[in-house]
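Chemist: Going down the list, the protein sequences come from chains A and B. Sequence positions in the first sequence follow our numbering and run 553 to 672. Sequence positions in the second sequence follow our numbering and run 4 to 407.
Hints in this document: simulated from the structure, not taken from any laboratory. Wrong hints could be hidden among the right ones.
Pairs of lysine-lysine residues, derived as DSSO-like cross-links and limited to a Cα-Cα distance of at most 27 Å, are as follows [what the hints assert, rightly or not]:
(1) 658(A) / 341(B)
(2) 156(B) / 140(B)
(3) 164(B) / 82(B)
(4) 612(A) / 323(B)
(5) 646(A) / 354(B)
(6) 389(B) / 330(B)
(7) 641(A) / 354(B)
(8) 612(A) / 400(B)
(9) 612(A) / 641(A)
(10) 651(A) / 323(B)
(11) 341(B) / 651(A)
(12) 612(A) / 164(B)
(13) 612(A) / 374(B)
(14) 354(B) / 612(A)
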Amino acid sequence: MEENLYHDFLLFHWRNPQNYGRLKNANKRAISDNPFCGDVIEMEAEIKDDKIKKIRFSGKGCIISIASASLLTEYVKNKKISELKKLDKDFILKLLNIKLGPTRLKCALLSLDVLKKLIQ
Amino acid sequence: MINVSKIKKDFPIFSFYPNLVYLDSAATSLKPKVVIDKVSEYYQRYSANIHRGIYQLSEKATQEYEESREIVARFIGGKSSEIVFTKNTTESLNLVAIGLTEKFTKRGDEVLVSIMEHHSNFVPWQVLSKKKGLKLKILDVDANGNLKISQLKRLITRKTKIVSLSYVSNVLGTINPIKEIGDIIKNKNKKIIFVIDGAQAVPHLKLNVKELGIDFLAFSGHKMLGPTGVGVLWGKEEFLNEISPLHYGGGMIEKVEIKNTTFQKTPWRFEGGTPDIANVIGLKEAILYLEKIGMDKIKSHGIELAHIAESRLKEEFGEKIKIFGSKEKMGIVSFNFKDYHPHDVSQILDKEKICIRAGHHCAMPLHHILKTVATCRISFYLYNSKEDVERLIEGLKKVEKILG
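Could you put together the complete structure from these sequences and hints?
Modeler: What follows is the structure, given as structure tokens:
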């Protein structure tokens, strides 16, 4: 894991968030916020045949929460819902490739929280 | 001006981190060695319970504990019989809010607070108002972060029973004109009870509760060089004697029978159970230390550093930085830097050993008015210097370099 939180890979996803924007014809929607820092992430998805076919996210937040949403939405495409239900904290940390203290962990996990609501 | 390099030697944390730039004293202050030693002295040399043992160690502990009450009283110009030790400002404010609304209000009465309050002087009144059917009225701030005092006369009605305001804003550093506000309130109706959240004021300025014309003052020891775990509630005896304690049990009783209990006198009847003896004793040492430096010097040091920080930040970053609040700030400056999230700014500064606070600082209603969810906050105390401001500026340049 990277000691440096703000490594290039993360900054790339913050500057160029993947799957950012709204999704027309979405059949699932979910939103979560972190009142502690005001971050909000919304996801819209087209789920068909027990798989996420298309997904987009919108909202605002710090680098960690935006990069996390960007990476997670990339990962989930065409994955089975039953598999996605297994995703946990360690998975997100591996995806981001960083170590986080308890306060910033909430930023990283915000997008996972939205995803869990989305596929409930 | 305070000799900061000399003062830093009194704070052991700087021997572990000589490069530390600590800019979060509004959250909690650092502790000088004399305070740490005083706490440890209790544990090593007379660690007995107070008000109980008929033996010398207990008497020594009792004497030290009660001496702390006297020194706190002297420090704020009150009587020691009016000083209640609590856990922190929050507990002090809960005690006074629960006690006053229970005893002095009825359905339909009004309580007034301001929009700049810390949650600890907002939420208790909000919750209790709902419970008791009271109307909670809110005093606004203007664009500069000053209370709109002109609204006061209109907001106070025949039904207003309590006004509770902070002396210094924990976000903006605004110093509210408490004496002037008190005069307006009491001129309208001298029966209105005036409560002050002094958490950010008492560490920085010499105040005298009698001259201020207030009825209650709440503050914390840990923001004024004292240990954590100790808060203070000062109240006029006539009101303290009327309100109920938060905790019933050991220590606070005089006589217990099967059907009835009589309580100790004020202030002891508010201190149920074994209190935080060591840390109460430590607070005394913190006050003596502050007095030795001089509260007038401490006050001007905080105001001057906030002023320097604000002008240097503007000079270096211009439009890229948005600073909130009024002109004169009691050692606190809140800002946003470009469109960077305060958490990211704070995290990158941490790599440079610069500690700032990022978030809503327990004042969400105020942030709503400021139209931002979070801010970066720097706060100064007597161990900070102009060099710390320069280190912060270097740090922010690094933030800009990384985040672009």
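Chemist: Check each numbered hint against the structure and report the violated ones by number, ascending.
Modeler: Failing hints, ascending: 10, 12.
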